[in-house]
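Colleague: Sequence:
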Amino acid sequence: MIVQGTQAVDRAFSVLRAVASKNKGGITLLELVNEISLKRPTIHRLVLALMANGMVYWDPETHRYFVGLGCYALGIVAADRYGLRQAGSNAVARLARVCGDAALLTIRSNMEAVCVAREDGDYPLQSRVLMPGDRAPLGVHGGGLAILSALTDREVEECLEANIGVIAKKYPAFSESIIRAEVNAARKRGYAINPGLAIAGSWAISTAIHSANGDVFGALTIAAVEPRMQKKRERKLAKLLLAEKKLVEEQIKKSEMLQIENLYRRLPIAREVAISGPGEMRDRYRELNTAS
1 MIVQGTQAVD RAFSVLRAVA SKNKGGITLL ELVNEISLKR PTIHRLVLAL MANGMVYWDP
61 ETHRYFVGLG CYALGIVAAD RYGLRQAGSN AVARLARVCG DAALLTIRSN MEAVCVARED
121 GDYPLQSRVL MPGDRAPLGV HGGGLAILSA LTDREVEECL EANIGVIAKK YPAFSESIIR
181 AEVNAARKRG YAINPGLAIA GSWAISTAIH SANGDVFGAL TIAAVEPRMQ KKRERKLAKL
241 LLAEKKLVEE QIKKSEMLQI ENLYRRLPIA REVAISGPGE MRDRYRELNT AS
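The sequence shown begins at 1 in the numbering used here and counts up by one.
By construction, these hints were calculated from the structure, which means they are not laboratory data.
Treat each hint with caution, since some may be false.
Stated by the list, open to error - Subject to a maximum C-alpha distance of 30 Å in a straight line, what follows is the list of computed BS3-like cross-link-like pairs (lysine-lysine):
(1) 236 x 246
(2) 188 x 253
(3) 170 x 24
(4) 254 x 232
(5) 254 x 239
(6) 169 x 232
(7) 254 x 231
(8) 24 x 188
(9) 231 x 245
(10) 169 x 24
(11) 188 x 239
Said to hold, decoys possible - What follows is a set of in silico ranges between Cβ atoms, one per label pair, in the way DEER data are often shown:
(12) 110 x 28: 18 to 28 Å
(13) 122 x 181: 33 to 43 Å
(14) 243 x 168: 29 to 39 Å
(15) 98 x 250: 16 to 26 Å
Using N, Cα and C, we set each Cβ at its ideal position, and we do this for glycine too.
Sequences are here, hints too, so could you generate the full structure?
Modeller: Here is the structure:
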């Protein structure tokens, strides 16, 4: 969605997302021009502005652009705000240690899913489809599919409408009909399965993470090679995932309630946030209100 009067900001974020999508090996100015429907001088000006603010780094040796440390700093701040970094990282580490396969944490970024943490298990053959910093449209890969499945029907339609062109171009195995079928299947079973659609032989099982007020926040994923994702083991992995999902959501809820409590003591508007939040938040608001 483009907000009227913010064209330059929207364009800058388009450039930043394109740089982030190629962050492993970097991206050249020409590749940015081919990736984004903007003229070369416009993209160059936007990149310079992003560099000046630390959001993009230019490697003078390779002449390639990478995500800057400014983005990392903002990501750390955002993760700390919601208690996601600690809770998610701990869950990913536990999952990898117990199951032996790769475990990942994905967060929702509007119509996309971004991998923010990964931990490899001790099994010799690991799935290498996603690494921290990788992003893809919702509905692609296990985490993005789990997030999409947890959204409302209206939100699913909005995501598909916005992403189907990119999906058809970059992820031909994920057709609209396949994504819809996988969304329905995930809702019925309670977790999502990516049966090697991104890369043959690399499977994933994922479950969505919700914030205290029910918003779809991200997803936990276990990625493994196909022989390790047979039906009997799938159920075992699903049980592990759902248990970790519960722990992460409980920790996020505690973090959000602490934020509400701290804000309440300083800002009157926090009372409105507390009143409109889940029952536990409303109860805590009443306790604070009585104490004050």
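Colleague: Decide, hint by hint, whether the structure agrees.
Modeller: Cross-check of the supplied hints:
1. 236 x 246: holds, 16 Å
2. 188 x 253: holds, 26 Å
3. 170 x 24: Holds - the C-alpha atoms of residue 24 and residue 170 are around 17 Å apart, at most 30 Å.
4. 254 x 232: The hint is violated at about 34 Å.
5. 254 x 239: holds, 23 Å
6. 169 x 232: violated, 35 Å
7. 254 x 231: violated, 35 Å
8. 24 x 188: violated, 36 Å
9. 231 x 245: holds, 21 Å
10. 169 x 24: holds, 20 Å
11. 188 x 239: Given that 30 Å is the threshold and the Cα spacing comes to 15 Å, the pair holds.
12. 110 x 28: 18 to 28 Å: Since residue 110 and residue 28 have Cβ atoms about 26 Å apart, the given range 18 to 28 Å holds.
13. 122 x 181: 33 to 43 Å: holds, 34 Å
14. 243 x 168: 29 to 39 Å: Holds - the Cβ-Cβ distance for residue 243 and residue 168, about 36 Å, lies within 29 to 39 Å.
15. 98 x 250: 16 to 26 Å: This hint holds: roughly 19 Å between Cβ atoms.
Violation of the numbered hints given earlier is confined to hints 4, 6, 7 and 8; the remaining hints are satisfied by the structure.
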